[in-house]
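So the chains spell out like this:
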Amino acid sequence: MNFLQAFKMAMKSILSNKLRSLLTMLGIIIGVTAVIALVAMGQGATKSVTEQVQSLGTNLLTVNILGRGSANTLKVNDAVAMKDKVEGIQYIAPASTQSTSVKYGTTSVTVSVVGTNADYALVKDYKVATGRFLAQIDLDVYQKVAVIGSSTATDLFGFASPVGEYILIQGTRYKVVGVLEEKGSSMAGSNDEVVMIPETSAERLFKSKGVRTVYVQVATTEQIDSVVTGLETELSGHFRGNTDSYRVFNQSDALSTLTSISDTLTLALAGIAGISLLVGGIGIMNIMLVSVTERTREIGIRKAIGAKKRDILIQFLIEAMVLSGLGGLLGIGIGVGAAQGASSAFNMDIVFSFNIILIAFCFSVGIGVVFGMFPANKAAKLKPIEALRFE
Amino acid sequence: MTTKSLPDPLIRIKQLNKQYRMGGETLNALDNVSLTVNYGDFLAIIGPSGSGKSTLMNVIGCLDTPTSGEYWLDGEEVSRLKDNKLAEIRNRKIGFIFQGFNLLNRLTAIENVELPLIYRGVSAKERKEQAIEALRKVGLEERIHHRPVELSGGQQQRVAIARALAGNPPILLADEPTGALDTKTGKEVMGFMKELNALGHTIVLITHDPGISEQAKRVVKIMDGKLSEEEGGQNEFLTSV
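So the sequences go chain by chain: A and B. Counting in this note's numbering, the first sequence runs from 1 upward without gaps. Counting in this note's numbering, the second sequence runs from 1001 upward without gaps.
Just so you know, these hints were derived from the structure itself, not from any lab. A quick note: this is a predicted structure, and the numbers were derived from the prediction, not measured. Be aware that a few hints might be false.
As the list claims (entries may be wrong) - Quick partial rundown of chain A residues pointing at chain B, CB under 10 Å, derived from the structure:
hint, residue
1, N2
2, K12
3, S13
4, M285
5, R297
6, E298
7, G300
8, R302
9, K308
10, R310
11, D311
12, K383
13, P384
Think of the CB as a built atom: it goes at the ideal place given N, C-alpha and C, for glycine as much as any other residue.
Produce the entire structure from the sequences given, and follow the hints as far as they go.
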């Protein structure tokens, strides 16, 4: 008896008892659905976290100034001077941010106003859509110019061109010189609801000295560690050895931490789903055992007319495999559907990996083999006379 | 199938014993049984229940192995073979006709008839041809796609006979073939068996009903595991070899 023949027999037997077959498969279906859907969502989360962190700029270091005593900021010139003292810094952008209201005509919005320099766009990966970005000369002469984010532009000006118009920031007139391209949102909120003004003007506007945040773009990934060390040395000197007054935040460290967290989460989800697959396998074994008892007479007849042990074993094993494999296929279908449903309902990112789907399918068929082996063996070992006598 | 004029008989059983252990006592289900069946024979084994006729039928049918003795079937000693080998012998040499038909209810008539051929490894096309041929022999070519539940008792038994015939085995082994049928249908089936015998099929029939056994060419009686030959109703045709 060949494989195809055994497969046909198995299909016939499964189809002759549809409800029971479906209920038997249910465990596997749920298990595979859970694996596919949860892993898709887990990997989607990993991907979106990675993308968000990367959208903040690659090779980016963030220096946060916590301060020591009254010296709780870093002077802009000191910050920019670090670029020459530490090797490997490509761009350096000190920034002081305040959330404040910005007004154009009668329209007013509350956005983050960032006082910074020309490097900010390069560090944070902003691109200018129209007009220009801030320049060093704006800082030098305390120019009252502003570059606004794409959302802020639409909020204030609608479809009109903002370049050349004047906006009021805390009552002071600023000329809009540029509009940024849309960048999307990150964990820290929208990147497009923003207004950027020269750092020197910001100091006057906010009546504060210095900055509390410095963004540093490192030239190459290999230099990150040496730049971190260099910055720490500089800052330590500046704050007289008080290492608590500043913090250098490494983007790639954060990235790998986040990725490893979500990877662990995905693995844990897959593990839980895997357990339900195992439970499904036990369900299959249970039904196969019942089926062997019910069909003892059939087995007896088959053996009487010449079925060998192997034939009966293969028949029942393939039946278990087809059951679990079919359950696996259904589970994959439902899992893909469920993940897509969840992604559109909760606006989540999902990633389907072909490998996971293949593994889930092979695993479900494997479960059929493992849990079908015992019942199939029991069937194959039946003695023909006893099986024929069975009522 | 035509009667072969071979010197060897189809079945040669010599001093066969089968013992069962039941609660510490040894039961001799078959006690020194010797039996010869020639090609083309129509032999009836008659005996009351408990006489050992089922055991004899199981041994002849290679469903069970004897405790001691020799059993030559179609020129092969089969009394010491392993399970798998016995399955092969059953498949090639014996066509079973059971009392309760023993058809698989999930399968259609033709699928039931094809079953022994599947286990023999016959290709699908050939299998179908042979199964249709066997069903034609029993007059059921119109009903090949019916399931057993859609057929009458007599028709079911004829499907079972077709299944036994499909593999063209040298011997047909019938265990109370009329036991589950009414008298009229039983007669039809017996008439059919006689026809098959006339066509050259060797038939061994097991029954407890003397009315059935006397239609055979040769009758042996079994009692308490011992065989004794008795003259059958059609004993005049005994010289069939």
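Going through the hints against the structure:
1. N2: Cβ of N2/A sits 8 Å from chain B, so the hint holds.
2. K12: holds, 6 Å
3. S13: holds, 7 Å
4. M285: Violated, because the Cβ-Cβ distance from M285/A to chain B comes to roughly 22 Å (cut-off 10 Å).
5. R297: holds, 8 Å
6. E298: holds, 6 Å
7. G300: holds, 8 Å
8. R302: holds, 7 Å
9. K308: Holds. Min distance 5 Å.
10. R310: Nearest chain B Cβ about 8 Å off; hint holds.
11. D311: holds, 6 Å
12. K383: holds, 8 Å
13. P384: Check passed: Cβ of P384/A comes within 5 Å of chain B, closer than 10 Å.
In terms of the numbered hints stated before, the structure departs from hint 4 and from no other.
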